[in-house]
Amino acid sequence: MTALDQSSPAAAPTPEPTRAGASGGAGERARRWWLLPTVLTALALIAVLVFGLLAPSDVQTAYRIAAPGDLNPGGIIPGDVPVPTKIAAIVLAVLALAVAVYLWVRAARGAMPRGRARVAVIVGFGVLWVLSFLTWAFKGATVDLGALLQTMMLLAVPLAFGALSGVLSERAGVINIAIEGQLLFGAFGAVLVGSVTGSAWAGLVAAPIMALVIGALLALFAIGYQVQQIIVGVVLNVFAIGLTSFFFGTVMKQNPGMFNQPLRLPTIRIPLLADIPIIGRVLFEQTVLVYLMWIIVAVLTVALFRTRWGLRVRAVGEHPRAADTVGIDVSRTRWSNVLLGSAVAGLGGATLTIGTGVAFGEEMSAGKGYIALAAMILGRYHPVGALLAALLFAFADALQLNLSSLPSGTGAGIPSQFLLMLPYIVTLFAVAGVVGRVRVPAADGVPYVKQ
Numbered sequence: 001m002t003a004l005d006q007s008s009p010a011a012a013p014t015p016e017p018t019r020a021g022a023s024g025g026a027g028e029r030a031r032r033w034w035l036l037p038t039v040l041t042a043l044a045l046i047a048v049l050v051f052g053l054l055a056p057s058d059v060q061t062a063y064r065i066a067a068p069g070d071l072n073p074g075g076i077i078p079g080d081v082p083v084p085t086k087i088a089a090i091v092l093a094v095l096a097l098a099v100a101v102y103l104w105v106r107a108a109r110g111a112m113p114r115g116r117a118r119v120a121v122i123v124g125f126g127v128l129w130v131l132s133f134l135t136w137a138f139k140g141a142t143v144d145l146g147a148l149l150q151t152m153m154l155l156a157v158p159l160a161f162g163a164l165s166g167v168l169s170e171r172a173g174v175i176n177i178a179i180e181g182q183l184l185f186g187a188f189g190a191v192l193v194g195s196v197t198g199s200a201w202a203g204l205v206a207a208p209i210m211a212l213v214i215g216a217l218l219a220l221f222a223i224g225y226q227v228q229q230i231i232v233g234v235v236l237n238v239f240a241i242g243l244t245s246f247f248f249g250t251v252m253k254q255n256p257g258m259f260n261q262p263l264r265l266p267t268i269r270i271p272l273l274a275d276i277p278i279i280g281r282v283l284f285e286q287t288v289l290v291y292l293m294w295i296i297v298a299v300l301t302v303a304l305f306r307t308r309w310g311l312r313v314r315a316v317g318e319h320p321r322a323a324d325t326v327g328i329d330v331s332r333t334r335w336s337n338v339l340l341g342s343a344v345a346g347l348g349g350a351t352l353t354i355g356t357g358v359a360f361g362e363e364m365s366a367g368k369g370y371i372a373l374a375a376m377i378l379g380r381y382h383p384v385g386a387l388l389a390a391l392l393f394a395f396a397d398a399l400q401l402n403l404s405s406l407p408s409g410t411g412a413g414i415p416s417q418f419l420l421m422l423p424y425i426v427t428l429f430a431v432a433g434v435v436g437r438v439r440v441p442a443a444d445g446v447p448y449v450k451q
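Position 418 of the sequence shown, counted from 1, bears residue number 418 in full-length UniProt numbering, the numbering being contiguous throughout.
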């Protein structure tokens with residue numbers, strides 16, 4: 001048993017810096033305390049002026065709470081709930097403004113919320129702001145909350161698996177830019193093997209195995225040969241695009257019935273729970289990939305922060321020299337985490353094909369690996385945070401799809417391109433310190449040479 005197993009103080013990763021250190025000292029905190037309340041105040045005022053005061057007063061927006069087939073004893077839950085667009089948008093925007101004012105008051109007292117309290121305030125503000133936006137954007141139409149959340153979940157799964165892949169790699173100190181290639185190889189392998197065998201389940205097994213090819217190459221060059229990790233990741237992404245495009249054009253296109261069938265994993269429905277209004281079908285009527293996502297997030301959270309294995313991984317990602325001193329094999333730990341992460345990303349690739357019932361297409365990952373990387377950073381290298389960030393990005397995409405399908409003459413007529421920018425704007429705010437300074441593992445991207 002090593003010294004680390006005996007909870008040696010020298011082996012444990014150095015705790016996170018104090019809030020003063022994480023923010024660059026008391027002087028920097030004094031200069032930046034106004035940033036969050038200022039941004040939230042500006043957003044709330046925009047909501048009041050645009051979503052509320054400029055909205056027509058003779059139009060209603062309906063919210064679909066319960067759909068046909070939902071569990072609704074006695075019909076106590078209404079189906080569609082109409083609300084006056086102007087009044088509802090103003091009320092929700094004013095409540096969001098009240099949250100911003102609360103932050104100004106706390107700042108004046110020198111007691112700005114920190115940690116989870118800060119996150120709770122931002123989430124509360126975000127919910128109110130989004131509801132005000134939905135009320136205005138869907139004016140004269142119906143907001144089907146269940147359908148919106150179902151679309152969000154479908155779009156979030158590959159992002160979440162990709163972000164979890166990044167968490168596994170970067171917690172051990174290896175930058176994983178190659179998530180895009182891992183997703184693409186997973187999607188390719190799932191369809192190819194599934195088509196040859198005629199079984200989507202065989203494709204599900206093949207997806208993480210195919211993604212391991214990219215993971216092994218990343219580990220070989222980044223850990224074994226200590227090549228600059230960002231460059232390796234970008235090159236592997238280009239390699240994955242080129243190789244899959246070659247086989248798509250020379251093999252799959254020539255015989256799609258044999259090599260590129262649009263297979264789909266069966267939907268697993270949990271009785272009663274799937275009939276709960278709004279969230280039932282979102283959480284309890286999904287393919288096995290969605291359930292695997294929840295399980296992996298829970299297991300990875302416990303494993304990283306409550307087990308000896310997680311302590312060793314974080315030690316390698318923070319202070320590999322200290323970890324090596326107490327007997328931890330740094331290279332083996334990094335290798336295993338990169339490979340495990342690439343297998344998880346492969347499951348995300350399977351979601352793009354056999355998870356949705358579509359055939360493989362060239363470059364079908366369409367930049368999702370880079371969005372997953374942003375979700376990992378926004379989620380602060382934590383499995384739960386990465387999942388929530390993936391859901392946020394997917395919600396913006398789902399909103400864009402729902403708004404673009406509104407009947408003519410309804411809705412606010414917002415160009416979809418503006419909605420596609422929202423996730424990236426949120427990421428910029430996070431990087432700028434609005435959500436809080438993101439602390440990168442200290443040895444992330446730093447090669448380790450055993451002495």
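Read the hints as simulated data drawn from the structure, not as lab findings.
In this text, a Cβ means the ideal position worked out from N, Cα and C, and glycines have one as well.
Among the hints, a few may not be true.
What the hints assert, rightly or not - Restraint-style ranges between C-beta atoms, simulated for each label pair:
no.	residue 1	residue 2	range
1	G198	V59	24 to 30 Å
2	Q228	G367	42 to 48 Å
3	L49	R269	24 to 30 Å
4	L54	A303	49 to 55 Å
5	V438	P73	45 to 51 Å
6	R114	V384	17 to 23 Å
7	V446	V238	20 to 26 Å
8	I414	I241	31 to 37 Å
9	V94	L35	31 to 37 Å
10	D80	A117	33 to 39 Å
So, going through the hints one by one against the coordinates:
no.: 1; hint: G198 / V59: 24 to 30 Å; in the structure: 52 Å, violated
no.: 2; hint: Q228 / G367: 42 to 48 Å; in the structure: 22 Å, violated
no.: 3; hint: L49 / R269: 24 to 30 Å; in the structure: 45 Å, violated
no.: 4; hint: L54 / A303: 49 to 55 Å; in the structure: 50 Å, holds
no.: 5; hint: V438 / P73: 45 to 51 Å; in the structure: 46 Å, holds
no.: 6; hint: R114 / V384: 17 to 23 Å; in the structure: 18 Å, holds
no.: 7; hint: V446 / V238: 20 to 26 Å; in the structure: 24 Å, holds
no.: 8; hint: I414 / I241: 31 to 37 Å; in the structure: 32 Å, holds
no.: 9; hint: V94 / L35: 31 to 37 Å; in the structure: 22 Å, violated
no.: 10; hint: D80 / A117: 33 to 39 Å; in the structure: 36 Å, holds
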